[in-house]
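K.L.:
Just so you know, the protein sequences line up as chains Y and F, in that order.
193 is the number that the numbering used here gives to position 193 of the first sequence; each next residue is one higher, with no gaps.
297 is the number that the numbering used here gives to position 297 of the second sequence; each next residue is one higher, with no gaps.
Hints are computed from structural coordinates only; laboratory data are not their basis.
Being a predicted model, the structure only gives us computed values, none of them experimental.
One or more of the hints may lead you astray.
Note that the list lumps identical chains together, so a pair holds whenever it fits in one copy or between two copies.
Claimed, not checked - SDA-like mimics (lysine to any residue), calculated; alpha carbons at most 20 Å apart, straight line: (1) Lys337 / Leu254; (2) Lys337 / Asp258; (3) Lys41 / His252; (4) Lys55 / Glu140; (5) Lys337 / Leu294; (6) Lys337 / Ser301; (7) Lys299 / Gln63.
2 protein chains.
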Amino acid sequence: MTAWMKNGGPDSDIVLSSRVRLARNLAHTQFPQRLEGDQGKAVMNQIAQAVETLKPGWQLQWQPLSEVSAIDRQVLVEKHLASPALVQDPVRFEGVVIDPTETVSLMVNEEDHLRLQVFLSGLQLNEAWQLANRLDDELERVLDFSYDANFGYLTACPTNLGTGLRASVMVHLPALVLTRHVPQLFTALAQIGVVVRGLYGEGSDVAGNIFQISNQVSLGFSEEEFIHNLTVVAEQIVGRERNARYLLTQSHALELADRVGRAWGVLTHARIISSEEALRLLSDVKLGEDLGLLTVPGKASFSELALMTRSGYLMKEAGRELSPGERDELRASILQKNLLAHDEGEQ
Amino acid sequence: MTAWMKNGGPDSDIVLSSRVRLARNLAHTQFPQRLEGDQGKAVMNQIAQAVETLKPGWQLQWQPLSEVSAIDRQVLVEKHLASPALVQDPVRFEGVVIDPTETVSLMVNEEDHLRLQVFLSGLQLNEAWQLANRLDDELERVLDFSYDANFGYLTACPTNLGTGLRASVMVHLPALVLTRHVPQLFTALAQIGVVVRGLYGEGSDVAGNIFQISNQVSLGFSEEEFIHNLTVVAEQIVGRERNARYLLTQSHALELADRVGRAWGVLTHARIISSEEALRLLSDVKLGEDLGLLTVPGKASFSELALMTRSGYLMKEAGRELSPGERDELRASILQKNLLAHDEGEQ
Chain Y
1 MTAWMKNGGP DSDIVLSSRV RLARNLAHTQ FPQRLEGDQG KAVMNQIAQA
51 VETLKPGWQL QWQPLSEVSA IDRQVLVEKH LASPALVQDP VRFEGVVIDP
101 TETVSLMVNE EDHLRLQVFL SGLQLNEAWQ LANRLDDELE RVLDFSYDAN
151 FGYLTACPTN LGTGLRASVM VHLPALVLTR HVPQLFTALA QIGVVVRGLY
201 GEGSDVAGNI FQISNQVSLG FSEEEFIHNL TVVAEQIVGR ERNARYLLTQ
251 SHALELADRV GRAWGVLTHA RIISSEEALR LLSDVKLGED LGLLTVPGKA
301 SFSELALMTR SGYLMKEAGR ELSPGERDEL RASILQKNLL AHDEGEQ
Chain F
1 MTAWMKNGGP DSDIVLSSRV RLARNLAHTQ FPQRLEGDQG KAVMNQIAQA
51 VETLKPGWQL QWQPLSEVSA IDRQVLVEKH LASPALVQDP VRFEGVVIDP
101 TETVSLMVNE EDHLRLQVFL SGLQLNEAWQ LANRLDDELE RVLDFSYDAN
151 FGYLTACPTN LGTGLRASVM VHLPALVLTR HVPQLFTALA QIGVVVRGLY
201 GEGSDVAGNI FQISNQVSLG FSEEEFIHNL TVVAEQIVGR ERNARYLLTQ
251 SHALELADRV GRAWGVLTHA RIISSEEALR LLSDVKLGED LGLLTVPGKA
301 SFSELALMTR SGYLMKEAGR ELSPGERDEL RASILQKNLL AHDEGEQ
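Chain Y on its own, in the form it takes in the complex (with noise of 0.2 Å):
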């Protein structure tokens, strides 16, 4: 299972998981768009045996996305290993590289020649940089990374150039949601360069009151500015979810244990459950467990449940292609079990 899912890490009442990726492309070679032929079937060779040469305790796995089911690739796709655009049509040089822990993951012949990821549970925006600039040390000792003394690493899409450094957190935020603060909060932060998206990247709806904040250019600043502004900006976002928690707490206790309890309610007792309304009560339950007003008999984190309402994770429980009904059944009763369960599995 996904390691950064679980709950833990500092702030992760709020921060639900920390996230740092470096866009790397090897030199003297066109990027993924333009390959022909063989190139990318190079690229992808090259790449794969400079993960061999690592040391032991990575653990990477090459998985080619040409031999992964459909239902699989989306699975990867929810849980933020590969991109939509990568697992769509995948050809035989594309691919990703994940540990067992599904902690560190790389991408292959998406966007860039290579994507290197790393998620970590909580607000740990330095210790997952640490561990991604490990690893990019010990694949730049036998790759020929594309870099520029004036650019800094050079990638296809501009807003990468420079580091090649995309870091964000995934924050639950249903406070600042519920007394409306998010869209000034959003203007305020977009003036420094921080972009806030929706759980699944760019377009997609705000679901769950879960937003993922990350910076908007990869260039101009070393890596440890980057992350060390993120982080600040996170601790600041952290603060105000919090205050703007304590003063519901104050001001609507009861609307709020309704709502929390109401939710919960309908969690436990659906038999049919989209996996917008599902995500919605998610928010709210965690909001009610983090406020004390109710205790989750389940184990499972909140992202491992949000995950739980996805498609491609429903099918892959079901073992083959479901329709939108028999989702949104399955997603009902996956959850359920999941909620309730009491210590199923543990010692």
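Place chain F on chain Y using the hints.
P.N.:
Using the frame of chain Y, we list chain F on its own:
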């Protein structure tokens, strides 16, 4: 407590209660609206004395409405033991006469001098009529009722002329509502002189899928014919509702289980609930219970639970006036206690 609100009687899964009401007026006396000076008091005294001459079994107790608190008057309306018009601004000579089980009740100086009413649980129109008829006979031995050889009993409103009888059944028709068969059914009923209203009489919304079905006129047939005809209509409605339920369980079993589960989940976990929402959800839970989809641990009947959603009942429980917000909170907690209670106070 109100005996007819308990579950029981024939077809009580669908027919909540049967009611027979007789309108009577004293001869040589103006109708209540025209009474002046001490005339109202004189009517009241005549009726009170007549009640005292009744055989011991009736146990009817006189309650002058001017001595009943506003909250208790509202509860009388919610229990269908008095009309809203009667309790609005009661003057000294208006009152109700009720037996301890609240099966038999009399309204004095409402639209007519005397309105005699019998409530029984389930489909028991004939039994209710027999009881009403017996009481009417006993009263008529000492009271001189206004009667015309052509028109029968004379009443303040011409729609009650003749027998003075209004028979009605309270029916729960969730499946006919869900399958949208209600408008068609009610159009057909109107053509045979049967009126359909919501839970609280004319003009009230049809909350909780509870309908009151009654004869439109009281002239032109004998009491026994009216009772027989409405019983046949009620049996037909019961048949149609059962059929609609069967078809629903065949075609929409999962959707039904979902609806019932959600209703139960919300009712047992909400902390704030409006009367409208509560009645709607209670209707779903009753349907679920009738179809064997869930077992409600609490002992309260649907009619009793419906009464518990009402403002007057809640204020009576609280022992004081309540704001709408306070009512919504108390309603949620009282319903929860009564739905979940495991044999509280029972042997």
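K.L.:
Taking 20 Å as the upper bound on the Cα-Cα distance, should Lys337 and Leu294 be classified as within, between, both, or neither?
P.N.:
both (17 Å within a copy, 18 Å between copies)
K.L.:
Between the shortest in-copy and the shortest cross-copy C-alpha distance, which are at most 20 Å for Lys55 and Glu140: within, between, both, or neither?
P.N.:
This pair counts as within: shortest intra-copy Cα distance 13 Å, inter-copy 106 Å.
K.L.:
At most 20 Å between alpha carbons: which applies to Lys337 and Asp258, within, between, both or neither?
P.N.:
Between copies only: 16 Å across, 23 Å inside.
K.L.:
At most 20 Å between alpha carbons: which applies to Lys337 and Leu254, within, between, both or neither?
P.N.:
For Lys337 and Leu254, the Cα distance is within 20 Å only across copies (18 Å; inside one copy 28 Å).
K.L.:
Up to 20 Å between alpha-carbons, please classify Lys41 paired with His252: within, between, both or neither.
P.N.:
neither (59 Å within a copy, 52 Å between copies)
K.L.:
For Lys337 and Ser301, with the copy left unspecified, which applies at a CA distance of at most 20 Å: within, between, both, or neither?
P.N.:
within (13 Å within a copy, 31 Å between copies)
K.L.:
Up to 20 Å between alpha-carbons, please classify Lys299 paired with Gln63: within, between, both or neither.
P.N.:
neither (30 Å within a copy, 60 Å between copies)
Of the numbered hints listed earlier, those contradicted by the structure are 3 and 7.
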